[in-house]
Amino acid sequence: MQSKLTDIELIQQVLAGNQSAYADLVKRHQRFVFSLAMRFSKSREDAEEIAQDCFIKAYRSLASFQQQSKFSTWLYSIVYTTAMTFLRKKRVDTTSIDNDEAFIQIESKPGSYDENNIENKSRSYYLNQAIDQLLPDDATIITMFYKGEQSLDEIAQVLGIEANTVKVKLFRARQRLKDKLERNLKHEVKELI
Amino acid sequence: MNSMEEKLWDYIDGSCTAEEHKAITLLIEHDEVYRKKYNEFLKMDKDFNLMELDDPSMTFTYKVMETIRAEHAQQPLKAVIDKRIILGISAFFIITIAALLIYVLGNVNWSAGSSIKIPEQLNADHIKIFITGTVIKGFLFFDVILGLFLLDNFLRRQNVAKQP
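Those protein sequence lines, which keep their order, are chains A and B.
Numbering follows the working numbering, with no gaps: position 177 of the first sequence is 177.
Plus 193 on top of the position in the second sequence (first one is 1) and you've got the working numbering.
Simulated from the structure, these hints should not be mistaken for lab results.
Careful, some of the hints might be misleading.
[As the list claims (entries may be wrong)] Sample of chain B residues lacking proximity to chain A, with all beta carbon distances greater than 10 Å (derived): (1) I217; (2) K230; (3) R262; (4) A284; (5) L293; (6) V301; (7) L348.
[Unchecked claim] Derived lysine-lysine pairs resembling DSSO-like cross-links, with alpha carbons at most 27 Å apart: (8) B:K256 with A:K169; (9) A:K169 with B:K230; (10) A:K167 with B:K215; (11) A:K178 with B:K256; (12) B:K236 with A:K186; (13) B:K236 with A:K27; (14) B:K276 with A:K169; (15) B:K239 with A:K167; (16) A:K42 with A:K89; (17) A:K167 with B:K200; (18) B:K239 with A:K169; (19) B:K236 with A:K4; (20) A:K90 with A:K4; (21) B:K256 with A:K70; (22) A:K147 with B:K256; (23) B:K276 with A:K57; (24) A:K169 with B:K229.
Here the structure is a predicted model, which is why all the values come from computation and not from measurement.
For glycine and all other residues, C-beta sits at the position ideal for the given N, C-alpha and C.
Based on the provided sequences and hints, a complete structural model is requested.
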C-alpha cells in the first residue's frame, strides 16, 4: 500500500533520516520512470538498470532539490540525462524516423501483431507498439505529456529546451505516432483513429 | 506547422488564449473542414491517453533500496549534519580565541613605549583552579571526537565523489 503523503512530505521525512519514506517515493514513481527508460533502451534489463540508477542518483541529490518545481519534473530530468548518457554509451540506433529496423524488431517479438489474433489485442497494445517505434525524444515527449502529468513548460524544463520548441516537437511527435499506427494497423487504423 | 492543425491542438490542449478559444469554437461550429479535423484530433487525443505504462520487476523497489543501503548512503549528507552543531562548534572556538586574546592584551605592559613587552609568564593563578586532570581529559576527549567526526565527514565525501 502506497503512502498518502505528498512527494514533498516524503522528501522531508527522508531528509530527516527516515529511509523507508524513500521506498514510498520509488514505488510511486517507478512505473513512469521505468516507462521513460523503456523509451530509450527498448530492453527491459537496460531500462531497469537506467531506472535504478536514476532513483539512486535522485537519492544522493535529494538534499539539493530546491522544491521550486514538482519532484516528478526534477526526477524526470534525471531520467532524461541518465537515459541520454546510456544511449551515447550503448550507441543505440536512432538515426532516422523512417528506419524500419525497430518496426521489424518489434514485429518479430513473440506475441506481437498477428492478423489472426488482432481482434484480441487492445487499442493500447497497438498504441504502445507504435510508441516503441518512435525516436526516443518523440516517445518521451508524448509519454510525459499524456502520462507524466507534465505541462509544456515542465517538459521544456526536463529536456532543457524552450516551451515553444516542445510544442512544435509534440505536434510532430503526434503526427509521427499517427503515421506509425496507420502503418502498423493498415485497415484497422480506421477503427482506431 | 500547419496553422489549422496547430490551432486545433492548442484548442484541445487548452494552451490557447480565451479569444483564440472563442474563435476556434466558432470555426469548428461553422467550418466543415475544421470540424472534421477537430473530431479526428479529439479521437487521437483520447486514444493517446490509453497509453499504458510498463511495470518494472516486482523486486525493483527492493533492489533500489538495497543498493542505497549497500552504499552506506543511509542519509543525505545535509540531513546528517545539523547546522546548530556547526554553529555551536564555531561559537566555542571564536569565544575561546577572543577570550584568550583579550586576556593577553589585558596583561601587556602598554606603558613600556615602543618596546612593548609581552609578559614572559602570565599571571594565571585564578584560572589554574579550573585546569584539573579531569578538565584536560575531557578537553582531549572532545578533540578526539571532533577529529573522528571530521575524518568520517572527509571519508564520506571521498566515497560520494568516487561514485559515478
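Hint by hint, here is what the structure shows:
no., hint, in the structure
1, I217, "holds (16 Å)"
2, K230, "holds (12 Å)"
3, R262, "violated (8 Å)"
4, A284, "holds (24 Å)"
5, L293, "holds (36 Å)"
6, V301, "holds (48 Å)"
7, L348, "holds (16 Å)"
8, B:K256 with A:K169, "violated (35 Å)"
9, A:K169 with B:K230, "holds (20 Å)"
10, A:K167 with B:K215, "holds (21 Å)"
11, A:K178 with B:K256, "violated (37 Å)"
12, B:K236 with A:K186, "holds (17 Å)"
13, B:K236 with A:K27, "violated (32 Å)"
14, B:K276 with A:K169, "violated (45 Å)"
15, B:K239 with A:K167, "holds (18 Å)"
16, A:K42 with A:K89, "holds (15 Å)"
17, A:K167 with B:K200, "holds (11 Å)"
18, B:K239 with A:K169, "holds (19 Å)"
19, B:K236 with A:K4, "violated (34 Å)"
20, A:K90 with A:K4, "violated (38 Å)"
21, B:K256 with A:K70, "holds (25 Å)"
22, A:K147 with B:K256, "holds (25 Å)"
23, B:K276 with A:K57, "holds (24 Å)"
24, A:K169 with B:K229, "holds (23 Å)"
In the structure shown, a violation is registered for the earlier hints numbered 3, 8, 11, 13, 14, 19 and 20, in ascending order.
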